[in-house]
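*Asks:* This is what each chain is made of:
There are 2 protein chains.
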Amino acid sequence: MDDAAFWRELGQQLRVDSIRASDAGGSGHPTSSMSAADLIAVLLANHLRYDFEHPEDPRNDHVIFSKGHASPLCYSMLKAAGGISDEELLSFRRLGSRLEGHPTPVLPWVDVATGSLGQGLPIGVGVALAGKRLDQLPYRVWVLCGDSEMAEGSMWEAFEHAAHEQLDNLTAIIDVNRLGQTRETMHGWDLRSYADRARAFGWHAIEIDGHDVDAINTAMSEAATTDGRPTVIVARTVKGKGASEVENLEGKHGKPLSDPHKAIEELGGERNLQVHVAKPRGDAPPHKFEADHAVPWPRWGPDDKIATRRAYGEALAALGSERGDVVALDGEVSNSTYSEIFAKAHPERYFEMYIAEQQMVAAAVGLQVRGFRPFASTFAAFFTRAYDFVRMAAISRARVCLAGSHAGASIGEDGPSQMALEDLAAFRAVHSSIVLYPSDPNQAASLVRLMADHPGIAYMRTHRGATPTIYSPDDSFEVGGSRVLRSSDEDQVTLVGAGVTLHEALKAADQLGEQGIAARVIDVYSVKPVDEDTLRQAAGDTGAIVTVEDHWPEGGLGDAVLAALADVEAVRVRKLAVSTMPGSGKPEELLREVGIDAGAIVSAAQDLVRAPAGAQ
Amino acid sequence: MDDAAFWRELGQQLRVDSIRASDAGGSGHPTSSMSAADLIAVLLANHLRYDFEHPEDPRNDHVIFSKGHASPLCYSMLKAAGGISDEELLSFRRLGSRLEGHPTPVLPWVDVATGSLGQGLPIGVGVALAGKRLDQLPYRVWVLCGDSEMAEGSMWEAFEHAAHEQLDNLTAIIDVNRLGQTRETMHGWDLRSYADRARAFGWHAIEIDGHDVDAINTAMSEAATTDGRPTVIVARTVKGKGASEVENLEGKHGKPLSDPHKAIEELGGERNLQVHVAKPRGDAPPHKFEADHAVPWPRWGPDDKIATRRAYGEALAALGSERGDVVALDGEVSNSTYSEIFAKAHPERYFEMYIAEQQMVAAAVGLQVRGFRPFASTFAAFFTRAYDFVRMAAISRARVCLAGSHAGASIGEDGPSQMALEDLAAFRAVHSSIVLYPSDPNQAASLVRLMADHPGIAYMRTHRGATPTIYSPDDSFEVGGSRVLRSSDEDQVTLVGAGVTLHEALKAADQLGEQGIAARVIDVYSVKPVDEDTLRQAAGDTGAIVTVEDHWPEGGLGDAVLAALADVEAVRVRKLAVSTMPGSGKPEELLREVGIDAGAIVSAAQDLVRAPAGAQ
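Quick note, the sequences are listed as chains B and H, same order.
1 is the number of the first residue of the first sequence in the working numbering; add one for each residue after it.
1 is the number of the first residue of the second sequence in the working numbering; add one for each residue after it.
Derived by calculation from the structure, the hints in this document are not laboratory data.
It cannot be assumed that every hint is accurate.
[Stated by the list, open to error] In silico DSBU-like links for lysine-lysine, alpha-carbon gap of 35 Å or less:
no.	chain 1	residue 1	chain 2	residue 2
1	H	K132	B	K252
2	B	K305	H	K262
3	H	K586	B	K262
4	H	K586	H	K344
5	H	K288	H	K132
6	B	K344	B	K288
7	H	K252	B	K586
8	H	K262	B	K344
9	B	K262	H	K305
10	B	K255	H	K507
11	H	K586	B	K252
12	B	K305	B	K344
13	B	K262	H	K344
14	H	K305	B	K255
15	H	K262	B	K586
16	B	K586	B	K344
17	B	K255	H	K344
18	H	K255	B	K586
19	B	K252	H	K305
20	B	K255	H	K586
21	B	K344	H	K255
22	H	K255	B	K507
23	H	K344	H	K288
24	B	K305	H	K252
25	B	K288	B	K132
26	B	K305	B	K586
27	B	K252	H	K344
28	B	K344	H	K252
29	B	K132	H	K344
30	B	K305	H	K255
[Stated by the list, open to error] According to the in silico footprint, chain B covers these stretches of chain H (three or more CB under 8 Å from chain B):
no.	stretch
31	109 to 117
32	555 to 569
33	585 to 592
[To be verified] Using C-beta positions, here's what the derived DEER-type ranges look like:
no.	chain 1	residue 1	chain 2	residue 2	range
34	B	Q515	H	V484	37 to 47 Å
35	H	S472	B	K255	32 to 42 Å
36	H	E56	B	E588	28 to 38 Å
Keep in mind that this is a model prediction, so the values were computed, not measured.
Glycine included, every Cβ here is placed at the ideal spot set by N, Cα and C.
Work out the full structure: start from the sequences and follow the hints.
*Replies:* Following this line, the structure appears as structure tokens:
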């Protein structure tokens, strides 16, 4: 059998196995797999360089199914490459199987979870950046894209960024099967519309018949030898190719075939071809950035007034000097987030992502695929732009550190569009996440170091304005910790804050003290996980708690405290939060206006202390 | 003074006033305003048709500052048009002023809040869609875009969609001033790079010198007379134009000038030109879609097993027959969300947004600018893609209805990428939002009708699987309501659920009853606002509450219940939620696996009842 004949046979096997897996699983997307089968067959047999016995080999190429619903094809490919058995293939979508409905990294050959469309290509940009600029290895990144997902703006962020970074190690393959879930795509089989867009964005584009294995082979060779820019292969394909029950028909998306046996027969029956995938090139190890200790760890004294965002930037630069695996990304606001300090100290490890937050988080996910520890920063409000990417990063079991600056109404004059007032809720509701909210520069710096070791999504919220230094540079903090800043045996009420509201709570405690009300003050700098023991102790000691946060009332610090005390009786909690839409104004004016300044805390504490326990 | 001379003078006035406003406010973006001043001058003086005394006139054009940080220019324009006084102009960014740091609709001439980049153009697509397909009026939509924001993928969703819909009533004006916040953009003054991209996406593109008023005028005329496709004017401009202190210099973004007097002198001093803006065309009223009552309100009987997503679709179609202002959008999953039922009944009011969730929510915001009641639907998980647009919609004081289907682990085989497990937290933390979570088709239908009347963001979470019908079609529900489904004087514990978990709670109550434990069951179908009275009553009566939700533990139904009981003593709450990352499996297997099925509820209730009150 010559090469082309083998590729054709392999394509048919991938189709048959996609049908079999979907049939065994009782659901899935066989037709979306069948359209791309020849593309994957040629890639696997003649272009991919990957040691399937050693998926951790840093020299391996990367294959990302951006159209994650083509998981039957992905798993059929893994079977053909010797990664999984036929028996495992048929466990598709069953409880406990590694072969989930959409690919996830519970399989060692899968880099990232896909299934939310428009994410695989931007993540591929991150992996390709790692190859070019960090690992400095010749591995290639191949991304299989659906035509429907080209409507997602994140794909065009990826096109823009990949061209700007001249990522000629990246190849996108668009499976133009014409049909979406409910109808034809906007462009149908107009390959030119995709190619023209890609070319305008600076890519090399090749239009082919996606079932002509020789054309596929030639295009992939051309992609691999094109210098200075990424290549997109725009492949005209047929959804459900080869099975008369479904081929090129609407209404056949996302379900098993009703007569799989007939389809398998039409496709020439079951096969068991094994592909000896080419091993990765060379034996050079990945480039390592050594610790240089050039930037000393920052320390602030009791008289310093420093914004936590600035402390973040200084600590990140120092961490970069301690650890060569730390890298930074920013969404074109590095002089606001202070990631510019890292950029100046370690320019080779700084990635400017311009105003493209989705691409920024995706790139961070791609960089951590190769073991780097990315810290991505922008205004906390603008991480909402990338929330789907954060959600999916958790499913990817990714380790990424995200720092959002300018949190809350306390930013002042810029107004509500720039105020993150939902970030604590959003990030708490991410699996594997930690949510840190420092109030002081020494604390912020200490937490930056902890973020890099968190095996999941680490989020830090920083604030805009300069605030007093409370802690010593030698104080230590921990994920899940808190600090009790005021405490006595006579405490009648507990004030719980973090960030700017901690400073308001301290002022309030002073004012309450002058009125003869002893108040405990707790800094819950770790909003998730929150320090249950300390909060429960305070609940038991004082019976009354005021929480205060520069955030909407829902899902933030107050709700975290309430959750920690869910089964504690005999405690009353008053939650202070931003309850009206802020406008512009001076920070202190806005804290008063929205009801989270020291005065509001004092009033709430007085109410709680004066109301007899048990009264409603 | 001839036209061109007037336009030039007006441009200088807009620059001077931008500098004055920023100086008075002590912050702001004068340089980003100055680059676009000539563009806005010519638009205002010779192309815009707008009755500034009647901003509510349906025939008015629409001007959207997608680069919202150019708010000083926006407000200077309003002054020149007679909307605001010079005194108000100088109130910029002060507490209580309508002139916030970034534009919001507290000003009657501002359609929507901007300031999160990349949103104005997609929203403009929505307004233009309203003009073409709903109002059927000749008003035009003019969107001023920044060059930096062209890196946002959402801009390209807008380019794609506007061309597909042939929106020749839409003009984008890109202010290519070359400089972002910290550096040059990816394309600098390479106008061609923007124009080529736009042309590849199907737009008419015109490249001009953005300070040549004649060229601007010609381009705007050409835009207004180009049929069948939208036009983009790509204008080369100079940031800080005309003031030597800042002109074309890096490091001058987002701050007042240090010597405003010198700059104003260089610009020829203060002026007080008033523009007599052309009145809107014609006197035809907007097209009205009449109620046709063709689709009867759906009713389900006690033996029906129907998924709430299907009830959503049927009710929406019926609501569309009751109200001509109701319109629907979907992200190419209308046969999953069942918005296809509306699409079939009211094709002229259905908008297919393909897989572009940001554009979908933005279009909904644009449609409601013109008074329509948009219902936008996709998988609940994929609303995370548009979270920044939802956040900004709240700042826009927009009225939009969003319906997310396939919520939670109970979707089963498709796996975690398709499971919304953070949507309740995300939507609770949106200002003005209501969060509804029906468990039954009659209830879902009733809530759809309520959504249309909510003056803010109305979110409904629907589930995938068919569930029993609990309620009668004549039962009534309300925002902030709940239903007590099991209750007795002997209740020892309260079970609180919604959606699929309500059905598990009912099963659990039966099992507990067999064990001699009387359990109250509450359906909190309104998660925000939540029915505090009923929950507090249950807390008082039973002292023990189990909440159960198909959602991560943070920020959802359980936290809503805890917040309602924050200051109630003598109640212990056990929160059941999805605590491990689900894989694939059958729905009932996954509910068990993640710990939210009837068995888990029974165990939690037993624990609470058996543990002596007060014991920790």
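*Asks:* If a hint holds in the structure, say so; if it doesn't, say that too.
*Replies:* Here is how each hint holds up against the structure:
The suggested pairing of K132/H with K252/B holds, with an alpha-carbon distance near 33 Å, which does not exceed 35 Å. For the proposed pair K305/B and K262/H, the alpha carbon gap of about 34 Å is at most 35 Å, so the pair holds. Simply put, K586/H and K262/B have alpha-carbon atoms about 27 Å apart, close enough for the 35 Å limit, and the pair holds. Annotation: proposed proximity of K586/H to K344/H holds, straight-line Cα distance about 32 Å (limit 35 Å).
Straight-line distance between C-alpha atoms of K288/H and K132/H comes to about 13 Å, which keeps the hinted pair within the 35 Å bound. Annotation: proposed proximity of K344/B to K288/B holds, straight-line Cα distance about 19 Å (limit 35 Å). Restraint check: the Cα-Cα separation between K252/H and K586/B comes to about 22 Å, which is no more than 35 Å; the hinted pair holds. Pair hint K262/H plus K344/B holds up; C-alpha atoms about 34 Å apart against a cutoff of 35 Å.
Annotation: proposed proximity of K262/B to K305/H holds, straight-line Cα distance about 34 Å (limit 35 Å). Simply put, K255/B and K507/H have alpha-carbon atoms about 31 Å apart, close enough for the 35 Å limit, and the pair holds. Between the alpha carbons of K586/H and K252/B the distance comes to roughly 22 Å, so the proposed pair stays at or under 35 Å and holds. For the given pair, K305/B sits about 23 Å from K344/B by alpha-carbon distance, which is consistent with the 35 Å threshold.
As the CA atoms of K262/B and K344/H are separated by approximately 34 Å, the hinted pair is consistent with the 35 Å bound. Simply put, K305/H and K255/B have alpha-carbon atoms about 22 Å apart, close enough for the 35 Å limit, and the pair holds. At most 35 Å may separate the alpha-carbon atoms for a hinted pair to count; K262/H and K586/B meet this at roughly 27 Å. Restraint check for K586/B and K344/B: the C-alpha separation of about 32 Å stays at or below 35 Å, so the hint holds.
Of the supplied pair hints, the one linking K255/B and K344/H holds, its CA atoms being roughly 23 Å apart against a limit of 35 Å. For the hint linking K255/H to K586/B, the alpha-carbon distance of about 15 Å falls within 35 Å, and the restraint holds. Our distance criterion of 35 Å between C-alpha atoms is met by K252/B and K305/H, whose separation comes to about 25 Å. At roughly 15 Å between alpha-carbon atoms, K255/B and K586/H fall within 35 Å of each other, so this suggested pair holds.
A threshold of 35 Å between alpha carbons decides the hint, and for K344/B with K255/H the separation of about 23 Å falls inside it, so the pair holds. The hinted pair formed by K255/H and K507/B meets the criterion: a straight-line CA distance of about 31 Å does not exceed 35 Å. At roughly 19 Å between alpha-carbon atoms, K344/H and K288/H fall within 35 Å of each other, so this suggested pair holds. About 25 Å separates the Cα atoms of K305/B and K252/H, which keeps this hinted pair within 35 Å; it holds.
With a CA separation close to 13 Å, the supplied pair K288/B and K132/B stays within the 35 Å bound. The suggested pairing of K305/B with K586/B holds, with an alpha-carbon distance near 18 Å, which does not exceed 35 Å. Distance hint between K252/B and K344/H is fulfilled; the C-alpha atoms sit about 19 Å from each other, no more than 35 Å. With a C-alpha separation of about 19 Å, the suggested pairing of K344/B with K252/H holds against the 35 Å cut-off.
For the hint pairing K132/B with K344/H, the CA-to-CA distance comes to about 51 Å; that exceeds 35 Å, so the pair is violated. Simply put, K305/B and K255/H have alpha-carbon atoms about 22 Å apart, close enough for the 35 Å limit, and the pair holds. Under a criterion of three residues with beta carbons nearer than 8 Å to beta carbons of chain B, the stated coverage of the stretch 109 to 117 of chain H is upheld, 5 such residues being counted. With a threshold of 8 Å between beta carbons, the proposed coverage of the stretch 555 to 569 of chain H by chain B holds, since 11 of its residues qualify and at least three are required.
Residues of the stretch 585 to 592 of chain H with a Cβ under 8 Å from some Cβ of chain B number 4, which satisfies the need for three, so the listed coverage holds. Separated by about 43 Å at the C-beta atoms, Q515/B and V484/H satisfy the suggested range of 37 to 47 Å. The given range of 32 to 42 Å is respected by S472/H and K255/B, whose C-beta atoms sit roughly 34 Å from each other. Checking the proposed 28 to 38 Å range against E56/H and E588/B shows it holds: the Cβ atoms sit about 37 Å from each other.
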